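**Student:** Each chain, letter by letter, is given below.
Number of protein chains: 2
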Amino acid sequence: MTTDVFDQTRDQFLLPTGVVYLDGNSLGPLPKEARLRVAREVRTEWGDKLIRGWNESGWFDLPRTVGEKIARLIGAEPGTVVAGDSTSINLFKALNAALSLNAGRSVVLSDTGNFPTDLYVAEGALEAAARGHTLKIVPPGAVADAIDETVAVLMLTEVDYKTGRLHDMAALTEQAQAVGALTIWDLAHSAGALPVDLTEVNADFAVGCGYKYLNGGPGAPGFIYIRPDHAERITPILSGWLGHAAPFAFDLEYRPASGIDRMRVGTPPIISMSALDTALDVFNMVSMEAIRARSIALSERFIAEVEARCPDLSLASPRDPERRGSQASFRFENGYAAMRALIAKGVIGDFRAPDIMRFGFAPLYLSEDDIFTAAGVLEEVISDRLWDTPEFHKRMAVT
Amino acid sequence: MTTDVFDQTRDQFLLPTGVVYLDGNSLGPLPKEARLRVAREVRTEWGDKLIRGWNESGWFDLPRTVGEKIARLIGAEPGTVVAGDSTSINLFKALNAALSLNAGRSVVLSDTGNFPTDLYVAEGALEAAARGHTLKIVPPGAVADAIDETVAVLMLTEVDYKTGRLHDMAALTEQAQAVGALTIWDLAHSAGALPVDLTEVNADFAVGCGYKYLNGGPGAPGFIYIRPDHAERITPILSGWLGHAAPFAFDLEYRPASGIDRMRVGTPPIISMSALDTALDVFNMVSMEAIRARSIALSERFIAEVEARCPDLSLASPRDPERRGSQASFRFENGYAAMRALIAKGVIGDFRAPDIMRFGFAPLYLSEDDIFTAAGVLEEVISDRLWDTPEFHKRMAVT
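Note that the protein sequences, when read in sequence, are chains H and A.
Under my numbering, residues 1 to 399 are what the first sequence spells out, in order.
Under my numbering, residues 1 to 399 are what the second sequence spells out, in order.
Isolated chain H, as found in the complex (with noise of 0.2 Å):
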């Protein structure tokens, strides 16, 4: 083998020159192949076909063609994972079908690790089920002490999108279930970046994003998956006409389309879909285990450049590997104005306040270059105080 997988990989992206990007877990970097498909969907499937691109282009179908691609990612069946509305929309439909089929209960317990937007949809969908819900958040260490009899459902996102941390989804779904939770399991910073088996974890509902590790560009739809067995059970509370039996048949009454269809709402954005389909094909050319391991030999050697280069930075992210996603953060006071100064020199990471330096691995696009790169220049910004000089004061200024 002449060439490794992952320069294979990299070469379907573009990205700029003089940059080392660690921040996939935000926004994904520009497939080539993306750019050429939007492209297209807009002079052709738009421009040439009008109104008969939603059969010809296959626009109808693009939710579930999208879900399809996603699913081989998360270990979900056929069938059972939409395309469509952003992640948060998809966590409140998810919630609400969960509290449906678990009537009885009255707690959704989450913890403090979660991304904000989830535990403020799970506000205003416990307001929608008003039946007196409580939603109770703990600290991550103490989610599996707060499973009980009362939880109707846990949600948690299974990677923490600051540090790192990883939950353990096969056991924290089944002691839910044991007791007669559903779960919910926000995969924004595991959909592929790490390998997920639905199927095998038994989970009950997943939501996730398309603009992250899957590379769908800025905005990109979420996803949300269901249980085969819970679909036929729910009544959609977004019922929209997409999600009708039968949608052009314009009846005045809903009546939800079968499975995971009856979860589509309105009429998907097509354009910024096609991204998104064209950009999960890159995952056809290697395993997410292949994918898992490079993220954790990338991660694992920036974690021991930064630590001998940059003493006064704190790993905050947990040191095994197992128990990490595909990021490594750092804690460092003066973080803010150190992760201007290191994106001002090219190595794009991002800042989580109070003080958490955040670098993402994508091993689909970075290589073991970037890494050293990265941690040269993050040295260089440390030792140097760069985000103090003059020099970077003037430049602030004027972009």
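Please note that the accuracy of each hint is not assured.
Identical chains blur together in the list; that is why a pair holds if it fits in one copy or across any two.
BS3-like cross-link-like pairs, simulated, lysine-lysine; straight-line CA separation at most 25 Å [stated by the list, open to error]: (1) K345 x K136; (2) K394 x K162; (3) K394 x K49; (4) K49 x K32; (5) K394 x K32; (6) K136 x K49; (7) K162 x K49; (8) K32 x K162; (9) K345 x K49; (10) K32 x K136; (11) K136 x K162; (12) K345 x K394; (13) K345 x K162; (14) K394 x K136.
Rather than coming from a laboratory, the hints here were simulated on the basis of the structure.
It should be emphasised that the depicted structure is a prediction, and the values quoted were computed from it without experimental measurement.
Assemble the complex: chain H is given as a structure, and chain A must be docked to it using the hints.
**Tutor:** For chain A alone, kept in the frame of chain H given last:
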């Protein structure tokens, strides 16, 4: 003046040769600049700027940027419209907000001329409100008589999607408000098609669609309007992080952003939204009043031609153009087959069960010649029963 303004607006679109497009009420055609905008958004803003696009490319503000452009077309004050999510989901937000503002009332009143998805969404929203609400659906002509003190919300689509019948938004809003009801207007077939003045009619809520007369592309995001004095009183049911007062503080509890911004939910589909943003600029070239006058002229001409040439078709739209949106519909028992044959000959309208042939008139890109061409081809299709010829069956079998 050597060139008519509508020649200039027509030149803003990429229209396939040999096609007369009378289905812009379903999906508007591609503005030339939107094609360039999407290409730039993908290649430069996403590809080169990556995560920095959120600040440097205006992505974060885009839902409001687009909202302000739409506001000008529907008589809404600045700061009262935000784009994002589908029309269905925006309607869900509006309904939930209106029901909470009018908590003492139990009826949502709508009509059989409403687009069915609005009725489906209402079913879900009432279930969510869980306070024993009733969805009361009456024929369009019976709406005024059904407005009484039990009505919490009057929810109507201004222009009937099948027939183009136009509700009197001003009169019905005034009547509803006089008995203490709130109004939600679906502007799906109004925005960009005819003058709307939400401020003048004192509408409470409105929603609408980006991909019909606004030409934003397949599945372009919809929008929501809230009267400014209502907005601050609403706790959104879809409470996502981008509707939070401080999205990047990552607080664990939801605090709504001020005004219309609280109706944002998750991350919007930027690529699709950028097409809509640019498509809206075509409306800077001409007033909605001029568009309306031209739309009436075109539709009156078309109706006259069709009635003269095709006696088997009967007008399903109101004959008075002041009571009609920007479309003309005809009943014809072989309408489905005839429309297929018509489309095969390059005149694109659409069909709505059971027997309606529907034609939309978008003056931005339709000429008088188009109208005569379309009427002539329609005459040929009908008089020669072109859908019933061996040639047509053969053609349909292979395409």
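**Student:** Checking against the hints above, which ones are violated?
**Tutor:** 1, 2, 5, 6, 8, 10, 14
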